[in-house]
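Protein chains: 4
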Amino acid sequence: MKIKLATIGVGNNTSALVQGLALYRATGSAVGIRRPEIAGLGVTDVEIVAAFAMSEAKVGADLSEAVLMPPNNFRLDVALEPSGVTVTRGLSTVDEVDRIAAALGGAEVVLYSAPSGRPEIARAYAEAALRAGAAFVNTTADAVARDPELLRRFTEAGLPLLGDDLTSQFGASAVHATLLRLLEERGVTLTSSYQVNLGGTEDFRNLVEHGESKKKSKMNALGANAGKVAVAPLGYMPHLGSRKILHLNIEAQGWGGAEIAMDLKLKVHDPAGAAGVNIDLVRLAAAAKREGRGGYPGEVADLMKSPPGTAI
Amino acid sequence: MKIKLATIGVGNNTSALVQGLALYRATGSAVGIRRPEIAGLGVTDVEIVAAFAMSEAKVGADLSEAVLMPPNNFRLDVALEPSGVTVTRGLSTVDEVDRIAAALGGAEVVLYSAPSGRPEIARAYAEAALRAGAAFVNTTADAVARDPELLRRFTEAGLPLLGDDLTSQFGASAVHATLLRLLEERGVTLTSSYQVNLGGTEDFRNLVEHGESKKKSKMNALGANAGKVAVAPLGYMPHLGSRKILHLNIEAQGWGGAEIAMDLKLKVHDPAGAAGVNIDLVRLAAAAKREGRGGYPGEVADLMKSPPGTAI
Amino acid sequence: MKIKLATIGVGNNTSALVQGLALYRATGSAVGIRRPEIAGLGVTDVEIVAAFAMSEAKVGADLSEAVLMPPNNFRLDVALEPSGVTVTRGLSTVDEVDRIAAALGGAEVVLYSAPSGRPEIARAYAEAALRAGAAFVNTTADAVARDPELLRRFTEAGLPLLGDDLTSQFGASAVHATLLRLLEERGVTLTSSYQVNLGGTEDFRNLVEHGESKKKSKMNALGANAGKVAVAPLGYMPHLGSRKILHLNIEAQGWGGAEIAMDLKLKVHDPAGAAGVNIDLVRLAAAAKREGRGGYPGEVADLMKSPPGTAI
Amino acid sequence: MKIKLATIGVGNNTSALVQGLALYRATGSAVGIRRPEIAGLGVTDVEIVAAFAMSEAKVGADLSEAVLMPPNNFRLDVALEPSGVTVTRGLSTVDEVDRIAAALGGAEVVLYSAPSGRPEIARAYAEAALRAGAAFVNTTADAVARDPELLRRFTEAGLPLLGDDLTSQFGASAVHATLLRLLEERGVTLTSSYQVNLGGTEDFRNLVEHGESKKKSKMNALGANAGKVAVAPLGYMPHLGSRKILHLNIEAQGWGGAEIAMDLKLKVHDPAGAAGVNIDLVRLAAAAKREGRGGYPGEVADLMKSPPGTAI
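Residue numbers (UniProt numbering), protein chains in the order written: chain L, 1 to 312; chain F, 1 to 312; chain G, 1 to 312; chain S, 1 to 312.
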């Protein structure tokens, strides 16, 4: 049975999800899909039934049109048919929780993909999901699954609560952590490391402006080596569009203190990296919900930078 | 009890081993050591009792002087005391096996670190080890442990035979394979990849001249992705000295076919990368021998590019 | 008045010229054009009247079709109309000079863009141009303009002879030489430098196989610093298609010997780099011819790696 | 005759000057020197006669000791003898101009190398130089030579005034501008470009905190292309010490719109880059003064990012 999904936020990440679903339906391609099946659910078993946004232009538009409106700038090689889903006005104060709950359209899963940096708003949407009996997936760095009281209530209600801060399908954190782990496995001693992230999306601009919580999340992802690792101020560069660029340096010492140096440049499209994980989170959330497992499902740990228990 | 070691070849790799042992003894440092203990044996429990070389200058010299003679060009930050070990003339025809066996000085382990590309010579040294009752470690790409008949004889004699072609402690193959594995884990589809290796040692010059067997070894290490991966001709550049440089590119596709690109430059000192693994191979060989386990010890699989059973 | 041009070779470079001319005619764009006018001649004033190739498939085909046939793999974003020019069989022995001369179709300029490495063939085409009264442009590394006797005969005939070995509009040599010159201007002392070139065209494969003359040409381009500069073996990688990749490293010392290091990766499409210069060479040749200036016109010096007088 | 020099600021840049002078005197080396002679004056003809600093530790110390005190972290391979110059307390309010003028020790040239971002202080030192009859060199981004009234008074007094904001001997601006100029010369159309600068000195930290005026200076240096060029927020990373790192990207289009891409990483020691230019500015200032040429000497234009007339 298809998964009914409501998306909060109609930015580039939601756009990448919508466009990717259309492309996979049209072509049957399996390129770039991490898990073809989760609990019997394929990628194209996800169906969007409601979407929420704040932009005047997007509210009232068909979702297929809204996902391509500026400032969204991510494009896949696919044409979108009308979706039949009209974008609903999102929540601007916590008093509107009931309105949102009523507008979720019977969704099993609510995917929170709004800009980071407004934790009260994020938790209000989670509240709406709870009232409507839906699982909630927080992809932002705001503390939602890390809020012990909220997690307790989802657990008691038998509803899954997934979060916080998705690890991109393939991005700076994964590559950096993997290389640092390789050093460690090989007995190479880290001297210093830095990463510089550049991006051109609105989400990225938002990160630059609310940089601190994001930086903390990145450090959680880097683990024990954090003391020797510098994460430079993020650089917002509009001309990059939906691309994100990482410059990574690692200096280390091998046998007898011999020098080892590594420089890496990574180019990704951040919205695709988010959608490639969101498609798994949504299916994991639906599967847990259908099995009656409330709270934080352990199997998503690898997909989250700041799971319950990490620093807020 | 200390491990008595004979080294075949007094090139940069042996030099890195000798210098590193001196440095760790002098400083007590643990920088760059992969496994502080193997079966109770520390890094400084390895003692060199015999060494073999072909160069007129090195034969007859104290090992501490010989390791610093040209064309060797690897240097650690340590001064070497006289070792008391005089370098013996190595084997130039297979008729000299008995002379070598007699000169091994009671070594438990024979470490073969001569230039790649002369498989008969490599196997003659293994024969000498067998006759002298020593374990044998082949660090070159020549087929020794992959020779089924030789492996059978070591197994029957209760003597360990480790090989072939050591995986550097930290080098091109490890980084490349790790990043390709990360792509795979994340469901990112590889489009193409290349690596270009540049180096300045005599060992490297030798590789360039006997490039084919080395290239095959590299491909064994890259596994299933080999079809999409190009390894460029190796470039010998004397000015690099003991440094080795890798230029690595990976092009791939994520969610919806979105482009992912990675460029990496890695600088290492190859002799240190070899010594950092040789110190483990020697201890693993000694431990297996002391436990009476002949043949190929499975626990070294990660340290070898072309273990028994892979293509010759 | 339009320039009548004959092209020898219907490979990627000729394809880039043909496609570029079509694109500029169709769009009026000026992107990527170095000199909008040369002696009153615009880019689109060049008209191809004859073309020669060796491939069975290309001979007899319309030039617009032939330029897109494999192994050609360079593509611009333009559709080609039929050209009306049928590709003629090229010269395979020096006895065919008269046949070629007769088939040049009244061309004012003959552009030699065949694979490097066959100097006799190159000079035979130059001979044909001479007999037909056309200017000759040698874009390959073969010695044509560097042949003093040939140059003397062109000069006496009042026909321009341009060569040898075009400097790409923007490529490895330009970037490398520019950075080395900057070091020198700034009083920074070069320690060492290397370049590694990778490519995927047939022309590039040909270079790899006839690497020596090319390497000499590169060294001519690098000038006085050549002693400290290493050019690695070229790497042919079919998956690169028409792209060419340069990895460049420069190590130097500034004030007080302080270390300076630079690493650069450059990606270009080689056929576009050739066409962007050929369009200037053809106009310079035509202008010199129309002014009655025979021999080597000094104003092309910047566009040639190995002008008359440099080593053969 | 030797040049008597007073330095304002005893940070890394002054340290690099002092250490470099000692090294060149001791070794006779010419490595990394841009202009061996200026108006007959060699590098070692510069003699420091007075130095000013604000740090409690440095004031009262011998200059040779003071230049090595933290947070200074730049080191050349040379030992420093006592200089005989005791560091004087610098100016903290503009009322102290006369005290400074009196303490200049008969200097012909005053080199202003204090942190950027305090234009009133910078101009007060210039005032002191004017009163003492010395030439003034402003190496910071603060507007001094760009102050028309101050420039007029130096001109009338027959005293040279050099500034503002030195262009490093070899750094981000030079490399970036050179590559952009090469694109232009070759008719390649710039699409976009970015530079990211990382550093670890106190000067660099100060720049990060007073980033705006510096960024303007950088843009002045990049000229007409500034609209397509993004300069990312500067990243202060203490572990870099005196190193400065540039990540540079250029995207462009060649013939027919074909893509060209360049990525460059540059590592320099910023203090050496400053000292290598300061040694020329000091000699140019002395030469102009000795020739009685007051005001801004045109011959320093290449050494200044924001000469008189550029935006403040």
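Hint data in this document are derived by calculation from the structure and do not stem from the laboratory.
Treat the hints with care, as some may be off.
Put simply, identical chains are the same to the list, so a pair is met inside one copy or across any two.
Mimicking SDA-like on lysine to any residue, the simulated pairs with C-alpha atoms at most 20 Å apart in a straight line are [to be verified]:
1) 4 <-> 178
2) 289 <-> 80
3) 228 <-> 241
4) 265 <-> 312
5) 267 <-> 253
6) 267 <-> 308
7) 265 <-> 182
8) 267 <-> 124
9) 265 <-> 251
10) 265 <-> 178
11) 4 <-> 86
12) 2 <-> 34
13) 265 <-> 173
14) 228 <-> 115
15) 2 <-> 191
16) 289 <-> 46
17) 289 <-> 101
18) 267 <-> 248
19) 265 <-> 248
20) 4 <-> 62
21) 2 <-> 46
22) 267 <-> 191
23) 4 <-> 131
24) 265 <-> 156
25) 265 <-> 246
The model shown is predicted, which means the values in this text are computed figures rather than measured ones.
So, going through the hints one by one against the coordinates:
1. With identical chains, the CA atoms of residue 4 and residue 178 are never at most 20 Å apart, being 34 Å at best within one copy and 37 Å at best between copies.
2. Taking the closest pair of Cα atoms, residue 289 and residue 80 never come within 20 Å of each other, the shortest separation being 30 Å inside a single copy and 57 Å across copies.
3. In this assembly of identical chains, residue 228 and residue 241 lie within 20 Å of each other by CA distance solely across copies; the values are 14 Å between and 31 Å within a copy.
4. For the identical chains of this complex, residue 265 and residue 312 are neighbours neither inside a copy (30 Å) nor across copies (35 Å), given an alpha-carbon limit of 20 Å.
5. Proximity of residue 267 and residue 253 under a CA criterion of 20 Å is satisfied inter-copy only: 11 Å between copies versus 27 Å inside one chain copy.
6. Taking the shortest alpha-carbon separations for residue 267 and residue 308, neither the intra-copy value of 30 Å nor the inter-copy value of 39 Å comes in at or below 20 Å.
7. Within a single copy, residue 265 and residue 182 get their C-alpha atoms as close as 18 Å, and across copies as close as 16 Å, so both meet the 20 Å cut-off.
8. With identical chains, the CA atoms of residue 267 and residue 124 are never at most 20 Å apart, being 34 Å at best within one copy and 48 Å at best between copies.
9. When the C-alpha separation of residue 265 and residue 251 is checked against a cutoff of 20 Å, the pair qualifies both within a copy, at 15 Å, and between copies, at 12 Å.
10. Proximity of residue 265 and residue 178 under a CA criterion of 20 Å is satisfied in both settings, with 15 Å inside one chain copy and 16 Å between copies.
11. When the C-alpha separation of residue 4 and residue 86 is checked against a cutoff of 20 Å, the pair qualifies only within one copy, where the shortest distance is 15 Å, while the shortest distance between copies is 61 Å.
12. In the homo-oligomer, the alpha carbons of residue 2 and residue 34 lie at most 20 Å apart inside one protomer (19 Å), although the nearest pairing across protomers, at 49 Å, exceeds that limit.
13. In this assembly of identical chains, residue 265 and residue 173 lie within 20 Å of each other by CA distance both inside one copy and across copies; the values are 13 Å within and 19 Å between.
14. Neither within a single protomer nor between protomers do residue 228 and residue 115 lie at most 20 Å apart by alpha-carbon distance, with minima of 29 Å and 28 Å respectively.
15. Proximity of residue 2 and residue 191 under a CA criterion of 20 Å is satisfied in neither setting, with 50 Å inside one chain copy and 32 Å between copies.
16. Taking the shortest alpha-carbon separations for residue 289 and residue 46, only the intra-copy value of 15 Å comes in at or below 20 Å, while the best inter-copy value is 58 Å.
17. For the identical chains of this complex, residue 289 and residue 101 are intra-copy neighbours only, at 17 Å inside a copy versus 70 Å across copies, given an alpha-carbon limit of 20 Å.
18. Taking the shortest Cα distances, residue 267 and residue 248 sit within 20 Å of each other both inside one copy (11 Å) and across copies (14 Å).
19. Taking CA atoms no more than 20 Å apart as the test, residue 265 paired with residue 248 passes in both settings, with 6 Å inside one copy and 11 Å between copies.
20. Proximity of residue 4 to residue 62 under the C-alpha cut-off of 20 Å is restricted to the intra-copy arrangement: shortest distance 17 Å within a copy versus 57 Å between copies.
21. Taking identical chains as interchangeable, the C-alpha atoms of residue 2 and residue 46 lie at most 20 Å apart only when both belong to the same chain, with a minimum of 6 Å there against 61 Å between chains.
22. Taking identical chains as interchangeable, the C-alpha atoms of residue 267 and residue 191 lie at most 20 Å apart only when they sit on different chains, with a minimum of 14 Å there against 25 Å within one chain.
23. Taking CA atoms no more than 20 Å apart as the test, residue 4 paired with residue 131 passes inside one copy only; the shortest distance there is 16 Å, against 72 Å between copies.
24. Taking the shortest Cα distances, residue 265 and residue 156 never come within 20 Å of each other, neither inside one copy (45 Å) nor across copies (51 Å).
25. Within a single copy, residue 265 and residue 246 get their C-alpha atoms as close as 6 Å, and across copies as close as 13 Å, so both meet the 20 Å cut-off.
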